[in-house]
Amino acid sequence: AQSVTQPDIHITVSEGASLELRCNYSYGATPYLFWYVQSPGQGLQLLLKYFSGDTLVQGIKGFEAEFKRSQSSFNLRKPSVHWSDAAEYFCAGPPSGNTPLVFGKGTRLSVIA
Amino acid sequence: GAVVSQHPSWVICKSGTSVKIECRSLDFQATTMFWYRQFPKQSLMLMATSNEGSKATYEQGVEKDKFLINHASLTLSTLTVTSAHPEDSSFYICSAPPAGGDTQYFGPGTRLTVL
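Protein chains in written order, with our numbering: chain W, 779 to 891; chain B, -15 to 99.
Because the hints were derived from the structure by calculation, they are not lab data.
For each residue, glycine too, the CB sits at the ideal point set by N, CA and C.
Don't take each hint at face value.
[To be verified] Simulated pairs of lysine-lysine, PhoX-like, Cα-Cα distance not exceeding 25 Å:
no.: 1; chain 1: B; residue 1: K39; chain 2: B; residue 2: K50
no.: 2; chain 1: W; residue 1: K839; chain 2: W; residue 2: K883
no.: 3; chain 1: W; residue 1: K883; chain 2: W; residue 2: K827
no.: 4; chain 1: B; residue 1: K25; chain 2: W; residue 2: K839
no.: 5; chain 1: W; residue 1: K827; chain 2: B; residue 2: K25
no.: 6; chain 1: B; residue 1: K25; chain 2: W; residue 2: K883
no.: 7; chain 1: B; residue 1: K48; chain 2: B; residue 2: K4
[Claimed, not checked] Examples of chain W residues lying across from chain B (beta carbon under 8 Å, computed):
no.: 8; residue: G819
no.: 9; residue: G821
no.: 10; residue: F881
no.: 11; residue: K883
no.: 12; residue: G884
Build out the structure end to end from the sequences listed, making use of the hints.
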């Protein structure tokens, strides 16, 4: 079955440190992949997306993600985390363009001083 | 980017009453909208796919007679929780891709609390 997996339930990083959130997918063809962020009690905000082309994708708020077909991964990175980045992060990928998103279970990011 | 709104943002109701939640695409048309439910500290679970001008498609285990979906126009889908019970308390989120687009945009969510 097509799925998206986020292995880490909760990650804590120090403010100013680098961040990498993991996401693995299982799809036959090149997938559409997304990273969303959700603050408590809020909807989801799109950080970045990958459809094709350059495997390093730049997003908003200083985030980037790299698509690696050989590892079936689409990890989210940020070089220097800010306290305001504390939130829930979801990796998602539909089987094709206009179908429901399949979400990973999410990774909760805590940022400490 | 495209904007999706939801109304109300939160609602408290008595057990047995019905609650209607609206999802609107403000600056684009959406032939399809999706309704998700999210319990605390959990991921989003797809409830149904709302199709403009036709019946919604429900995921397995979701009662279509309890969660009524209407997609009357290209910018509005409504979810009505009928005869709500405390176990229906949750965070309901809608999303929509612009017609012909590949990216889904999410509403801010509706917090439903059933007493």
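Okay, the hints, checked on the actual structure:
no., hint, in the structure
1, B:K39 <-> B:K50, "holds (15 Å)"
2, W:K839 <-> W:K883, "holds (22 Å)"
3, W:K883 <-> W:K827, "holds (18 Å)"
4, B:K25 <-> W:K839, "holds (24 Å)"
5, W:K827 <-> B:K25, "holds (24 Å)"
6, B:K25 <-> W:K883, "holds (9 Å)"
7, B:K48 <-> B:K4, "holds (14 Å)"
8, G819, "holds (7 Å)"
9, G821, "holds (4 Å)"
10, F881, "holds (5 Å)"
11, K883, "holds (5 Å)"
12, G884, "holds (5 Å)"
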